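Visitor: Spelled out, the chains give:
Protein chains: 2
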Amino acid sequence: MKLYDCKMAPNPRRVRIFIAEKGLQIPAVEVSIVDGENLKPEYLKVNPRGLLPVLELDDGTRLDETQAICRYLEETHPEPNLMGRTTLERAQIESWQRHMEFDGMTAVSEVVRNSIPAFKSRGLPGVTQPVAAIPALVERGTQSVKRFYDRLEQRLKESEYVGGNRFSIADITALCVVDVAKNRINLPIPADNKQTQRWYEAVSARTSAKV
Amino acid sequence: MKLYDCKMAPNPRRVRIFIAEKGLQIPAVEVSIVDGENLKPEYLKVNPRGLLPVLELDDGTRLDETQAICRYLEETHPEPNLMGRTTLERAQIESWQRHMEFDGMTAVSEVVRNSIPAFKSRGLPGVTQPVAAIPALVERGTQSVKRFYDRLEQRLKESEYVGGNRFSIADITALCVVDVAKNRINLPIPADNKQTQRWYEAVSARTSAKV
Chain A
8 MKLYDCKMAP NPRRVRIFIA EKGLQIPAVE VSIVDGENLK PEYLKVNPRG
58 LLPVLELDDG TRLDETQAIC RYLEETHPEP NLMGRTTLER AQIESWQRHM
108 EFDGMTAVSE VVRNSIPAFK SRGLPGVTQP VAAIPALVER GTQSVKRFYD
158 RLEQRLKESE YVGGNRFSIA DITALCVVDV AKNRINLPIP ADNKQTQRWY
208 EAVSARTSAK V
Chain B
8 MKLYDCKMAP NPRRVRIFIA EKGLQIPAVE VSIVDGENLK PEYLKVNPRG
58 LLPVLELDDG TRLDETQAIC RYLEETHPEP NLMGRTTLER AQIESWQRHM
108 EFDGMTAVSE VVRNSIPAFK SRGLPGVTQP VAAIPALVER GTQSVKRFYD
158 RLEQRLKESE YVGGNRFSIA DITALCVVDV AKNRINLPIP ADNKQTQRWY
208 EAVSARTSAK V
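Chains as they are written, first to last, in this note's numbering: chain A, 8 to 218; chain B, 8 to 218.
No copy labels: a pair is met if it fits in one copy or bridges any two.
Straight-line Cα separation of at most 20 Å, EDC-like style, residue types lysine to aspartate or glutamate; simulated pairs:
1) K52 - D157
2) K52 - E160
3) K127 - E146
4) K52 - E165
5) K164 - D199
6) K217 - D186
7) K9 - E49
8) K52 - D42
9) K14 - E49
If you are wondering where the hints come from, they were derived from the structure by calculation, not from laboratory data.
All values reported here derive from a predicted model rather than from experimental measurement.
All chains should be built: construct the whole structure from the sequences, respecting the hints.
Guide: If you want it as structure tokens, here you go:
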């Protein structure tokens, strides 16, 4: 297998953490999104959608979409389990994972794509035509990141981890959101969100978080 | 089981079609998003996120998020299969399903939420505070719907259905996107997109599409 990767981007990192949690070693090919390598003809041959990550299987089949790649790895390498052991747990973890994408990943992307100079005319990911930044989205996205933090704190008051009482793919998504918010757009975890601080310390200390 | 539903909204419809394809009968409770019933205290007790659909199990457990609900139903009622029979097929269908959400559902929502008067100060779903419409998103969303149609046509040139050679959850998402585009924001399938027309005729003719 081979992973088309981008070190600074949150979605490839979600897959890298997932791979590290599974104890797998998968060689990576770096494709820089900031430098626009993902929109050049060479990479568009790999993924016509211009997005990362992509997992290439040994027979050349390529899978894109973070969740689909993780599901493939979960089924082919079931332990440690990261997506649920029973039907109900799988549905609940999937739901929390999606909350983290919808509340968090969408919000931080809205801010990043409309405020960081490298994305000036690249307001939407994977689009080769220019897409102008929309300044109003920076404010809207910032408010959405605050709502993400409120909801995450609420969840972590009632649950040790995002998806339930153990580490799962939902924590991976949440961690990648928080690190983009903190490191790229200066929206760290609010000081009063004690449960989120407690959780962040625990998930960041895992070896997998270093990738 | 019980489904918290909204007749005019695309995500509840995805679940209704899925249920119809499985041949299940699940009683529904209508919650009108246009009238803002989803943001009233009564419904926020059901789903604090204010979103639809929600599936309530017989023991009172509630599942939200369309994909999580569908996965629960797929595992508890495996036939007819709608999410893939093998590990690879499951990953591929999941990837195509996500493309339809990312390219299509996000794009039509962007137009709907920023142009339809009922959503004037409800620019984001499930948010109780006012979120002002951003006019620039109507144009950006319209361009994204066009890209969705281009990519869908491309896909359907090489594949009978969106997820592969048979009907799957990816077709359900795509159908719900096309119907919102066509009926709510006047962006029907372009006349030249013959493969999409062929596919749309086939999937719309299914009994499940009537829901």
